[in-house]
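J.: Dock chain to chain to rebuild the complex, using the hints, since each chain is given by itself in its own frame.
Each chain is listed here by its residues.
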Amino acid sequence: MTMEAIRTEAVRAGDVRLYTEDLHLHYGDVHALKGINMEIRGHHVTALIGPSGCGKSTCLKTLNRMNDVVPRVRITGSVVLDGEDVYGKAVDVTVLRRKVGMVFQAPNPFPMSVYDNIAYGPRVHGIRRRIVLDEIVERSLVGAALWDEVKDRLKKPALSLSGGQQQRLCIARALATGPEVLLMDEPTSALDPISTLKIEELMAQLKRDYSIVIVTHNMQQAARISDYTAFFLLGELVECDRTDRMFASPRDRRTEDYITGRFG
Amino acid sequence: MARSHYEHELEHLHVEIIKMGSLIEGAIEDSTRAFASHDLALCARIIRRDQTIDEMEKAIESRCLWLIAREQPVASDLRKITTALKMVTDMERIGDNAADIAELTMRIAEKNVFSDSGHILQMAGAAMLMVRDAVSSYVHTDLVLARDTQRRDDEVDAYFNLIKRELVHVFKADESHLDNAIDLLLIAKYLERIADHAVNICEWVEFSVTGTHKSAQIF
Ligand SMILES: Nc1ncnc2c1ncn2[C@@H]1O[C@H](COP(=O)(O)OP(=O)(O)OP(=O)(O)O)[C@@H](O)[C@H]1O
Ligand SMILES: [Mg+2]
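Chains as they are written, first to last, in my numbering: chain A, 1281 to 1544; chain B, 524 to 742.
Bound conformation, chain B alone (with noise of 0.2 angstroms):
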């Protein structure tokens, strides 16, 4: 017998997971943009669409504790249910750390001269995809996804790696531009954070499915 009410309530969630996905991906491939281009009626944008994500995790969450008082749910569908609750939170800070992008892009007086540097749109690229396949291994309960994404942190890393060299050495050559370096340093730190909390809903992923975290076995 199947729990239509039940299946059809938590397919409801995937499609507001879903959704809060794509609105995160947006937010950050539109700040690395904003900021590349200096674009900034489209940062304000971006800081309005993040009150819309922080609802969304409101939403969510009101969702999953309803769905627990109301089924409550155990073993694998409680631990789906839980996962969902968790990784919300960690959206929810992509969502931020895109909008800190956009108000770091806004205090700039006029283009930072680095904007156009190749690593960092390949850096926001590469912490964008990670944020889409965490969230799609956590709708398609796709352990392999889960952790081939977390192992892809190292390349985000490298790259953070790489422009703070770059701009280390840029630096030694001209120190006018210290103010446009720090300010891409930290732009390349919030991707950085981004690709962490993608680290995060993986992990909670794995739990979903195996039902430890971090290699302690919790449910």
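Bound-form chain A, shown alone (with noise of 0.2 angstroms):
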């Protein structure tokens, strides 16, 4: 069999949901992903860690193609989604983006009523009765674990709540478009410990729907919430695995530096 054939099989089987294959990301002339091959598993949490400037961001945004409109930038490779690679010329990128949500690293409400926050993107879908809007804000606000703090603010502005208010209603938001995949920048960077738990337990209930790629600093979070995680330095994957053995027995020499803090 192909690796293309065992990439299908296996994305059919619900298994790898998405992969990169030998993707490299120019920023003029800073070579900022150096043929990354990632794969990411559907109804699991894949963390992203690494040193600060290493690519995290970077490749998390090709995923969805947040990196598109930043200017000089040259992407090769491919990202395949469901069997099809979204840097195809066929592909519509507003449709990428409700398969594929992003929530960033500060929450970023838009500043309008947190009815109207969730129902932004459904409406730029062309959605326009009350009663599907309505059902689609709950349906995302109880997702986000946020609609009984909620659920008799509709009307007030979103900027209103606290900052883990306003996180999980940016998750809420990505997941008002129905997507399949949920992208995360260090969501909790900015958040409390209680909220930042609260969202850690979220993605624990999102992963049985969703497959989710985080971004994190935090290497106690990453053990604790992932899956799988993958180490980037310098622009290359060095090593992608299953968490528990990532956290045990990395199998790369500068993975275990690392994780046991000893660069960065």
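Check each hint, because a few of them may be wrong.
Stated by the list, open to error - Quick list of simulated restraints, FRET-style, between CB atoms: (1) A:VAL1371 x B:SER585: 51 to 61 angstroms; (2) A:ASP1414 x B:HIS531: 51 to 61 angstroms; (3) A:SER1442 x B:GLN595: 22 to 32 angstroms; (4) A:LEU1477 x B:HIS531: 29 to 39 angstroms; (5) A:PRO1391 x B:THR735: 40 to 50 angstroms; (6) B:GLN595 x A:ASP1507: 18 to 28 angstroms; (7) B:GLN740 x A:ASP1507: 51 to 61 angstroms; (8) A:VAL1404 x B:SER585: 53 to 63 angstroms; (9) B:LEU588 x A:VAL1404: 48 to 58 angstroms; (10) A:GLU1415 x B:ILE591: 26 to 36 angstroms.
Please keep in mind that the hints were generated in silico from the structure rather than gathered at the bench.
Backbone N, C-alpha and C fix where the C-beta goes; we use that ideal spot for every residue, glycine too.
T.: Following this line, the structure appears as structure tokens:
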């Protein structure tokens, strides 16, 4: 069987959901990603770890083409979602972003009501009927474990929520378009321990329905919440393995040095 | 970037383990000597010193737990600390076994007629060396030494069987020495246990390097 056939089969089996193949990215002269071959499994959490500037965010952003608009960016290789190259000519980026949602480090709700924040995406995709939107808003807020806290203040400005609530609102917003994959770039680094715990608990629930890729600088968080861990260094993917193996017996010396805090 | 504070703490842990190691080696040596010379004062000192060994065990355990809590170590760092936590239990038992020998010696009214038996002293020497090498294999993360030390358990077992056969032989010739023979056999048994604890330590050292304990991959 060819590599391609094996991969296609794995995707069909619901195993590897998304993968990159020899992915290179240049920001002008900066070679930020150097031939990344990474697999993201369905219904699992994959954590991307590595020192600052190693390319984690860049890699995450290539998965839903958030880098396209960066000036002087050059991308080669492929990112395959459900058997289709997301950089293919036929791909509609809006549809791609609906399938692959993103949550950022700092909560960034739009300056509008809680309700309108969630309804924003579905409206962009042409959903107008109130009853449908109501249903989506409730389902997304329930999914993000925020419904009970905001159900009586859906018309209030999103910016009046606490930081932790705002971040869960951003997760709800990402859920509203019915994604398959959720990308999160350091989603808890601006949050207090309790809010962080809530998001971590939430991720454990969300992975039943979504595939999650999270960038984190918190090694304990990666060990706690992820099933797979990918270690990046200087634009290379050094090692990607089951998290339990990675934090017990990493194969690469550089991984061991990093996770035991010996360089960074 | 080096984690200097953490490395420093780890070094401290090693120093404590080396200290505890030399205390238990001394206890084995003294207890066999006290037995051979029926030195009751030395016996009393050994039993008192066993408290210090117990306290060291607690101190090392506490140090390990704080290291885990503060540094949240993973991979080989976590194995190394877990190994310390496991092996101090065996080290403490070795101390107990030496104290047991001292207590037994104190209970005997007079000098055991077999106490100068060359084999018991040789056996004690072999067991003591196993303990020293077991501790040293931990401190130096020396897998070869750990494995070699485990194999030497057979030597100590052979001494035990030899001493047992000798005692049976002597007993058959002269039944009046039954008590003495049993005491000596008990001491040989304690020494044999000490060697077993040294083997346990080596098994944990093996784990600290490979993640495998008694052929089971556990971390
Ligand atoms: N828009 C950009 N234009 C030019 N260079 C960029 C751009 N974004 C990132 N880079 C460079 O690409 C490399 C990887 O950056 P990236 O943001 O992916 O790192 P990271 O692993 O997410 O780091 P951090 O942990 O600090 O967030 C760095 O050298 C960075 O300076
Ligand atoms: Mg980043």
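J.: Hint by hint, note whether the structure agrees.
T.: Tested hints:
1. The beta-carbon spacing between A:VAL1371 and B:SER585, approximately 59 angstroms, falls within the hinted interval of 51 to 61 angstroms.
2. Judged by the Cβ atoms, the range 51 to 61 angstroms given for A:ASP1414 and B:HIS531 holds: they are separated by roughly 60 angstroms.
3. Range check, A:SER1442 to B:GLN595: about 27 angstroms between beta-carbon atoms, so the 22 to 32 angstroms window is met.
4. Roughly 32 angstroms separates the CB atoms of A:LEU1477 and B:HIS531, a value that falls within the hinted 29 to 39 angstroms.
5. Between A:PRO1391 and B:THR735 the beta carbon distance is about 57 angstroms. The supplied range of 40 to 50 angstroms is therefore violated.
6. In this structure the hint that B:GLN595 and A:ASP1507 lie 18 to 28 angstroms apart at CB holds, the actual value being about 20 angstroms.
7. At about 19 angstroms, the beta-carbon gap between B:GLN740 and A:ASP1507 misses the expected band of 51 to 61 angstroms.
8. The hinted window of 53 to 63 angstroms between A:VAL1404 and B:SER585 holds, with their beta carbons roughly 59 angstroms apart.
9. Between B:LEU588 and A:VAL1404, the C-beta spacing of about 54 angstroms keeps the proposed range 48 to 58 angstroms intact.
10. Between A:GLU1415 and B:ILE591 the CB atoms are about 48 angstroms apart, so this pair departs from the stated range of 26 to 36 angstroms.
Violation of the numbered hints given earlier is confined to hints 5, 7 and 10; the remaining hints are satisfied by the structure.
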